[in-house]
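J.: Please put together the full structure from these sequences, using the hints given.
Sequences listed follow chains A and B, in order.
Residue numbering for the first sequence follows my numbering, starting at 1 and increasing by one per position.
Residue numbering for the second sequence follows my numbering, starting at 1001 and increasing by one per position.
The hints are simulated quantities; they were obtained by calculation from the structure and are not laboratory data.
Note that the structure is a prediction, hence the values are computed from the model and not measured.
Worth double-checking, as some hints may not be accurate.
Computed footprint of chain B on chain A, listed as stretches where at least three residues anywhere in the stretch have a Cβ under 8 Å from a Cβ of chain B [stated by the list, open to error]:
(1) 31-37
(2) 47-55
(3) 83-92
(4) 265-277
Listed next, with one range per pair, are the computed distances between beta-carbon atoms [to be verified]:
(5) T76/A to S1294/B: 41 to 49 Å
(6) T1341/B to G273/A: 38 to 46 Å
(7) E1446/B to T76/A: 56 to 64 Å
(8) V154/A to A1178/B: 23 to 31 Å
Note that CB positions come from ideal geometry on N, CA and C, so glycine has one too.
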Amino acid sequence: MNGEKSAWQRFLASDFFYDFKRSPVTIVSFVIVVTLILMAILADLVAPTNPFDPGSLNLMNGFTPPMEPNAFTGETFLLGTDDQGRDLLSAIIYGLRVSLFVGLTAVILAMFIGVSLGLLAGYRGGWVDAVIMRIADIQVTFPSILIAVLIFGVARGLLPPDLRDELAITVLIVAIGLSEWVPFARTVRGTTMVEKEKEYVQAARLIGLGSSQIMVRHILPNVLSPVLVIATITLALAIIAEATLSFLGVGAPPTEPSLGTLIRIGQDFLFSGEWWILLFPAVTLLALALSVNLLGDWLRDTLNPRLK
Amino acid sequence: MKTLTTRLAIGVAAGLLVSSLASAETLRWARSGDSLTLDPHAQNEGPTHTLAHQIYEPLLHRDMAGQITPALATSWKALDDNPNVWRFQLRKGVKFHDQSAFTAEDVVYSFKRAMKPTSAMKELLTSIKDVRMVDDHTVDFETNGPNPLLINNLTNLFIMDSGWTEKNGAGDPQDVAAGETTFSSQNTNGTGAYVLISRTPDQKTVLKANPNYWGVGQFPLDVSEIVYTPIQSAATRVAALLSGEVDFIQDVPVQDLRRVAGQSGLKVVTAAQNRVIFFGMNVGDSDIESDNVSGKNPFADVRVRRAMNMAINRDAIKKVVMRDQSSPTNVIMPPFVNGWTAELDKVPSVNVAEAKKMMEAAGYGDGFSVTLNCPNDRYINDEAICQAVVGMFGQIGIKVNLDAKPKAQHFPLIKNKTTDFYMLGWGVPTFDSHYIFNFLVHSTTENRGSWNGTRYSNPEIDPKIVALESETDLAKRDAIIAEIWQQVQEDQIYLPVHNQVLNWGMKDGIQFDVQPEDQPHFKYLKM
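T.: Put into structure tokens, the structure is as follows:
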């Protein structure tokens, strides 16, 4: 060992951790995100009931206000129940799982597409670059939610009706993933164009390595840090996009509600005084998206030496 | 300087114009769904008839109290020497919107059209053998046997102009099942109190008062323009009424009743509706596609159907989903209808344990899964009711996948028999059981059973339904009706849920009674 520090000790001594410690907003955001992710992963253990099992619902529990016993059944729920008698706390925890799962996988998909196309465009240049970047230009002129709705609509039309509900989540992931790849491609392309002129790339080329090997093994590791920043910010966007789609009724099915679906349901009872059905899922979504976004911002500032 | 004076002049002129129009009243009307077509014979559906009633007229219709009232006919009676013939005297001096005169020829033409295969109204006319013109303003209806209830069937049979319809190639009713669009599904030429000005389906329809209407002076006709906007979202619809964006909504969401009634300047008018909500199942086919049981149809077993009926907690639906705005029932017939008894109506008690036993006896102890098709813009809280029963059926092991769609996509599933499990609501404009039997119980034939999505076909029941059309002894007729109901209940071909309660929300200044069929006739509205 002779005085060599472990990875954890080195991390604690790093500039990165020093910056983190000095930003209370970041610490709070980090705690919120980690708590929400843990709740989502451990949903089966944390949630009082399983809201996806329609057989366990008792309709008479419907519209129970938070912390008040139900007028018919006498049962009490921490955050109240929705119109179907579903425990809101459980519904939010399970909804969080759907939202986070869709958000994360969609970002991974968008990252994969964006990074691949960006590398290709930046490294090859010429017409390949022109074609890929013009497609990207065209795509950014449309709001990404519009593209997601379009993809979702086409997929629903093509799928047989009995598969629609089962594949709704997959379609949602593809729709959001395909609508968010452009920022990745643009950033990676720019960095690749700079990197490919550097000596190490030329050296690799000289010893006769193939293009794909140079792109993946040599250039990719050097363009990854801005990608991570974009991924974090895109995650917030993807979660919002999922909520928006579900709110519009084209996302997660009502029997497996995501946060957006819960908000859509709650919206119907805004005027009638059952505020909790809308408020709690909306606050959860807000906390999640805001925290992820703040973390992304902080990451961008910290990893970008030019801002220091 | 000149431009300024011109502008001022225009401004003053515009001001005068506005004040002179102030006496002209616009009614902005919203409900959750739109009319499905403008063709008056292509869809037998409430909201479609509602719009048609403003533009077209039948020989007679039900007024705002639900009483049969003359419209294009002034009087009718069965001939003394032949009870099989009804003679209708037609109103004189009536003109269609294009100024062509209304005559007996148009009546004969319209009824012939409504009997064609693509018509959705043909079940109402099965007892009619012939419609004959006697003179320009007299028409004879000959029935297969004496039919004392003939006029009850005619309240939604609209009269079109024969010349206009033929000239525009609209002689056949639009074939909705085939996805057809025709001239008559997009254009109108009626005799009604309102003329169609513009229409964008599912968005906006504008009607203007017909200055040449025969009823001027007889009806209030306070509304000079109607702007009809379908608003599917309950919250948006209520917000539109609360903010004054619309004057009248036909379906106040039950959760918002107190809010609307409590707002100054608005009121809610309530009445029981002549409409029952229920579920239908494919009981006829030997195997169905939408379940996970291969080679068998679980719905074909009456024990499964009875178990499902036992699992539905109608009181919970009433209390929670409908907030007391419904009356649970065990028969697919509202109390308005001839044939209704309190005994048929009596709701069975919920018994999950017993239902599970029956499922086991039928060989489905482990349950099965199936798809339920549900509309989401037609009945009060339709989708929420479906969601609620998904949970109730889940308790007896039936995993139900809910597929909720707008009515324009939902109804063809029933008519084309491409759904095995569906929600439907049924209003009874004739106020007689025969209407329910002929559409929902009789085997599907060329002119009967078009809404019988259950594939139920009982050779003993069918002739009894037909016999009702010519049975003049009312006591005997009622006995047959009771017999048919007994069979329908025993075979449990439908799972009844409840009868709807209507809640119309409107501005305080509007005087308008709730029509039990949910059919507002705006010529009666006072404001």
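J.: Next, verify each hint and record whether it holds.
T.: Comparing the hints with the structure gives:
With 0 residues having a beta carbon nearer than 8 Å to a beta carbon of chain B, the segment 31-37 of chain A misses the requirement of three or more and the stated coverage is violated. With 3 residues having a beta carbon nearer than 8 Å to a beta carbon of chain B, the segment 47-55 of chain A meets the requirement of three or more and the stated coverage holds. Evaluation of the coverage hint for the segment 83-92 of chain A: fulfilled, as 3 residues show C-beta separations to chain B shorter than 8 Å, against a requirement of three. Only residues whose C-beta sits within less than 8 Å of a C-beta in chain B count toward coverage, and the segment 265-277 of chain A has 8 of them, enough to reach three; the restraint holds.
Between T76/A and S1294/B the Cβ separation comes to about 45 Å, which falls inside the hinted range of 41 to 49 Å. The hinted window of 38 to 46 Å between T1341/B and G273/A holds, with their beta carbons roughly 39 Å apart. In this structure the supplied range 56 to 64 Å holds for E1446/B paired with T76/A, their Cβ-Cβ distance being about 59 Å. Remark: the range hint 23 to 31 Å for V154/A to A1178/B is upheld by a beta-carbon distance near 24 Å.
Of the numbered hints listed earlier, the single one contradicted by the structure is hint 1.
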